[in-house]
Amino acid sequence: MRARRGWAWLWLFFGFLYFFIPLLGTFIFSLHGKRGVLSFAAYHRVFSDPQFLETFGFSLQMAVLTIIVGLCLIIPTVIWIHLRAPWAKPVVETFSLLPFVIPPIVLVFGLIRMYSSPPFQLVSSRLLLVAGYVVLSFPYIYRSVDAGLRAIDLRGLTEAAQSLGASWGTIMFKVVLPNMRVSLLSAAFLTFSIVIGELTLAVMLAWPAFGPYMALVGRDLAYEPAALAILSFLLTWGLIGLIQFASRRMAGSALGGTH
Amino acid sequence: MTSIPAGQRGARIARPSSSKRPWLGIVPFALFALAFMILPAGSLLVGSFQDAEGAFTLGNIAHLFRPDILKCYLVTIEVSAVTAVAGGLFGLLLAFSVTLGGLPKGIRSGLLTFSGVASNFAGVPLAFAFIATMGRVGMVTVVLKTVFGINLYEHGFNLYSFWGLCLTYLYFQLPLMVLIITPALDGMKKEWREASESLGASKTQYWLHIGLPILAPPLLSCMILLFGNAFGAYATAYALTGGMLQLVPILIGAQIQGDVLHDPNLGYALAFGMVVVMTTCILAYTALQKRASRWLR
Amino acid sequence: MAFLELNGVVKRFGKNAVVDGFSLDVEEGEFVSFLGGSGCGKTTTLRMIAGFETPTEGSIRINGDEIANVPPNKRGVGMVFQNYALFPNMTVRKNIEFGLKVAKWRPVEIAKRIEEMLSLIHMEELGDRYPHQMSGGQQQRASLARALAVRPKVLLLDEPLSALDAKIRAMLRTEIRVIQKQTGITTIYVTHDQEEALSLSDRIVVMQSGKIEQVGTPFEIYNRPATPFVASFIGNLNILEATVVDAGLGLLSVEGQKVFAAGPVTGGPSVKLSLRPEMLSLEPGAPEANALAGTLDSVVFLGSIVRLGIGVGTREIFLDRFNAPHLALPAVGSRVSVAFPRQACLVTASDAPLVGLGAVHAKAV
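These protein sequence lines are chains A, B and C, in that order.
Read left to right, the first sequence gives residues 1147 to 1405 (the working numbering).
Read left to right, the second sequence gives residues 73 to 369 (the working numbering).
Read left to right, the third sequence gives residues 6 to 370 (the working numbering).
In isolation and in its complexed conformation, chain A is listed as follows (with noise of 0.2 Å):
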């Protein structure tokens, strides 16, 4: 077992080396904003700029659309299939793989040929992109909704809450929502982490969101890229971290993301 331990703290610090190198590199590369001196130069000018401002701006609204919107579609089915219809478990499942079988690039080219004419003339709407990321975060959603259901035993607390008397409005907002606070945030704060940095489908509809513009920046500056590369770490580490410490007592973790 010595052997193996000693093997153990081996791999894992090279793991450490090859995640923690980048990290520190890139911090040090964007405090290099004035010359000759390290300081945070870089980070006001990024935010100072108005496009920051902006294109962060119209990706918040973004993300907490679809998160209403993702929400709002999905709770109710899911509740429905556990409750009323549990055959259909394995088909929607299966739709949760499909974000994976249909990679973003491709995804907004369908929708981009389907919804470029009449009569469903969606291409320039703000629905659409909306709809698009809802798609993104489906298999997020739904695997932090279902995990969120199955630890309360959706079934029993139902059926307890008829049995005294409870209508289905009371039942949902009294009873099970309440229930499921940490899954709803899990599958809030991921979503919220794909629409910000999301890029692929952004660009392709041509939208002023944060993902375009750091490309943007990327392109013209040389430090403020490597300073949007660690604030979004840390706004991404911030609310992952928090929901897989706080998830971590119910089954289901995040897995991948939009790339």
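Some clues are possibly wrong.
As the list claims (entries may be wrong) - Which chain A residues stay away from chain B? Per the calculated CB distances, all over 12 Å, these:
{"id": "1", "residue": "Phe1241"}
{"id": "2", "residue": "Gln1267"}
{"id": "3", "residue": "Leu1331"}
As the list claims (entries may be wrong) - Straight-line Cα separation of at most 30 Å, DSSO-like style, residue types lysine-lysine; simulated pairs:
{"id": "4", "chain 1": "A", "residue 1": "Lys1235", "chain 2": "B", "residue 2": "Lys362"}
{"id": "5", "chain 1": "C", "residue 1": "Lys106", "chain 2": "B", "residue 2": "Lys262"}
{"id": "6", "chain 1": "C", "residue 1": "Lys158", "chain 2": "B", "residue 2": "Lys275"}
{"id": "7", "chain 1": "B", "residue 1": "Lys217", "chain 2": "A", "residue 2": "Lys1180"}
{"id": "8", "chain 1": "B", "residue 1": "Lys262", "chain 2": "C", "residue 2": "Lys99"}
{"id": "9", "chain 1": "B", "residue 1": "Lys275", "chain 2": "C", "residue 2": "Lys263"}
{"id": "10", "chain 1": "C", "residue 1": "Lys117", "chain 2": "B", "residue 2": "Lys275"}
{"id": "11", "chain 1": "C", "residue 1": "Lys20", "chain 2": "B", "residue 2": "Lys177"}
{"id": "12", "chain 1": "C", "residue 1": "Lys186", "chain 2": "C", "residue 2": "Lys172"}
{"id": "13", "chain 1": "B", "residue 1": "Lys261", "chain 2": "B", "residue 2": "Lys143"}
{"id": "14", "chain 1": "C", "residue 1": "Lys106", "chain 2": "B", "residue 2": "Lys275"}
{"id": "15", "chain 1": "B", "residue 1": "Lys262", "chain 2": "C", "residue 2": "Lys216"}
{"id": "16", "chain 1": "C", "residue 1": "Lys109", "chain 2": "B", "residue 2": "Lys261"}
{"id": "17", "chain 1": "B", "residue 1": "Lys262", "chain 2": "C", "residue 2": "Lys109"}
{"id": "18", "chain 1": "C", "residue 1": "Lys263", "chain 2": "B", "residue 2": "Lys261"}
{"id": "19", "chain 1": "C", "residue 1": "Lys99", "chain 2": "B", "residue 2": "Lys362"}
{"id": "20", "chain 1": "B", "residue 1": "Lys262", "chain 2": "C", "residue 2": "Lys158"}
{"id": "21", "chain 1": "B", "residue 1": "Lys261", "chain 2": "C", "residue 2": "Lys172"}
{"id": "22", "chain 1": "C", "residue 1": "Lys158", "chain 2": "C", "residue 2": "Lys216"}
{"id": "23", "chain 1": "C", "residue 1": "Lys109", "chain 2": "B", "residue 2": "Lys275"}
Hint data in this document are derived by calculation from the structure and do not stem from the laboratory.
Built from N, CA and C at the ideal position, the CB exists for glycine as well.
Got chain A; can you put chains B and C on it based on the hints?
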């Protein structure tokens, strides 16, 4: 409180599940999936068999076998295969070290939490991070040059190339592997090892006859998943190489945005080809996982 | 020289001694059980014999050879685990074959041995099944066959029946003993179930907190418990408070009534009197037997046993008797007299930790 029979109180009370129209609740989701997943994919499928006037043709599919397109597929497959195998093996080693390797529990949860974050840290920020670290004036490049006297780029390393892209992709492939293979490693019962020892087997014999055969299906299936993950990746490649490296997703993106060789029907065929590749991956993954779950439960 | 010798074996994790001075001699062909609650050290001791833990102090010898520093795969010790631990990627045949191949038996011998083993466990037709295609009982039998195939010197079983349901457990228990007698292999059996230990073993080692409380035959352990722990751990006990009236005569006063112990008593003036429920009777006993007057409070039907709850003064004692279809019992509430021989009295010091009927069932925890 006087008890009132459930049926008498009024229409507000939630009744127990009735079997009337159990498909009703699925309708909103089904419509959404249809409108924004199935039909768009279907329209790509249709488009790949149409020419510019809309007539049926197999020409686009034929174009997929053009040398330059084939080369594109080849490069994409190579990148995906390299990062799948490398990410798979190193991810396995990392996951192994925190499960069967006997490290403290805190390290394990730390690694898993980090993997959850890192597997999402892709696209533009990741590309920037690697440019800032390993680019021509990246921190590591500079440190190697000034402190150790090693000039990376003179030795042939180039971040904006095939190997640079692979190195960058590993940053989200590795954590993904760690996340998906850890449950399989947890399922390896320590009693199997002990039983084999009590029967006289050495460590090598255990791994050769028992350990690896049991781990092979989940290992393989995870690598296939990693392959698909890299194959469909667009944002990271775009942000890193700016379209210089000819990958299938980049090519599709170029068709969408209308480049010099603008041929949307070819684009549809490319997209269709990509969906075929991804579907194969997911089918292989599911089949292997079924086998794995039988043994590791 | 005994076949398996453990001498002053100690296992410490940090400052905590999980096994504290374990010494035991096991003869060849003996079936010895380690019996105790969780955390008593029985599994750790077993794992030290197997080689999966190393003793902090002490020695372990098989047939005279010190094995404490021999790696587990060279000890010639067979092990059967609680969760069967069959290799999932192999059929029953291949599982049994594994140890034989490692030991480099000739193919002809291997084939013969596999058939021998399959018929030993009565699974001749199931040889080509995979573990996930078999029930728990079948898997455990296969696991036993796999361990025995290579003719180990000692067979170790770590709570092999805990994961099975009651009916299968009873059946498999007998099978294990039959096979053990047939093969004559020295066996150590770890369990927390006293019924298993009592019915299977040549000798039982009762353990608590890493120490041996008593070693003896099942009869000895049950009828002549050496310590209060053994008395309360095995079987059921009625525990009554008693005051010593005459220590030399063994005369006690229980709930104001006279009770004679089998001999002089020590540890007075207050002691605990423990009585096994099956030693009590409603029929009058011999002239020199004891008798306690009480009221019949309850009759509980437990299957083959009928348990009568009898109030004696302020305490409740339980009397077990065999069920019979034409059982004639006094009416609940009537006065009864409970008789028991002097030899049935177990007298212990007042502060000895005992768990009896009435509060918590005094079976193994």
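Structure-based check of each hint:
1. With 12 Å as the threshold on Cβ separation, the claim that A/Phe1241 sits away from chain B is violated: the shortest Cβ distance comes to roughly 6 Å.
2. Annotated as non-interface, A/Gln1267 keeps its C-beta farther than 12 Å from every C-beta of chain B; the closest such distance is 14 Å.
3. Once the 12 Å rule is applied to beta carbons, A/Leu1331 is consistent with being away from chain B; the minimum gap is 14 Å.
4. Among the hinted pairs, A/Lys1235 with B/Lys362 is consistent with the structure: their alpha-carbon atoms are about 18 Å apart, no more than 30 Å.
5. Simply put, C/Lys106 and B/Lys262 have alpha-carbon atoms about 21 Å apart, close enough for the 30 Å limit, and the pair holds.
6. Taken as a hint, the C/Lys158 and B/Lys275 pair is honoured in the structure, with Cα atoms around 22 Å apart against an allowance of 30 Å.
7. For the suggested pair B/Lys217 and A/Lys1180, the alpha carbons sit about 22 Å apart, so the restraint of at most 30 Å is met.
8. A C-alpha spacing of about 19 Å is found between B/Lys262 and C/Lys99, which places the hinted pair at or below 30 Å, so the restraint holds.
9. With a C-alpha separation of about 68 Å, the suggested pair B/Lys275 and C/Lys263 falls outside the 30 Å cut-off, and the hint is violated.
10. Between C/Lys117 and B/Lys275, the direct Cα distance comes to roughly 27 Å. Compliance with the 30 Å bound is thereby established for this hinted pair.
11. Proximity of C/Lys20 to B/Lys177 is assessed by CA-CA distance (about 21 Å); at most 30 Å being required, the pair is judged to hold.
12. A threshold of 30 Å between alpha carbons decides the hint, and for C/Lys186 with C/Lys172 the separation of about 22 Å falls inside it, so the pair holds.
13. The straight-line distance between the Cα atoms of B/Lys261 and B/Lys143 is roughly 45 Å, outside the 30 Å bound, and the hint therefore fails.
14. Annotation: proposed proximity of C/Lys106 to B/Lys275 holds, straight-line Cα distance about 15 Å (limit 30 Å).
15. The suggested pairing of B/Lys262 with C/Lys216 holds, with an alpha-carbon distance near 27 Å, which does not exceed 30 Å.
16. The hinted pair formed by C/Lys109 and B/Lys261 meets the criterion: a straight-line CA distance of about 26 Å does not exceed 30 Å.
17. Proposed proximity of B/Lys262 and C/Lys109 is supported: the alpha carbons are some 25 Å apart, at most 30 Å.
18. The hinted pair formed by C/Lys263 and B/Lys261 fails the criterion: a straight-line CA distance of about 60 Å is larger than 30 Å.
19. Proposed proximity of C/Lys99 and B/Lys362 is supported: the alpha carbons are some 22 Å apart, at most 30 Å.
20. Distance hint between B/Lys262 and C/Lys158 is fulfilled; the C-alpha atoms sit about 23 Å from each other, no more than 30 Å.
21. Between the alpha carbons of B/Lys261 and C/Lys172 the distance comes to roughly 27 Å, so the proposed pair stays at or under 30 Å and holds.
22. Among the hinted pairs, C/Lys158 with C/Lys216 is consistent with the structure: their alpha-carbon atoms are about 26 Å apart, no more than 30 Å.
23. Distance check on the hinted pair: C/Lys109 and B/Lys275 sit about 17 Å apart at the alpha-carbon level, within 30 Å; holds.
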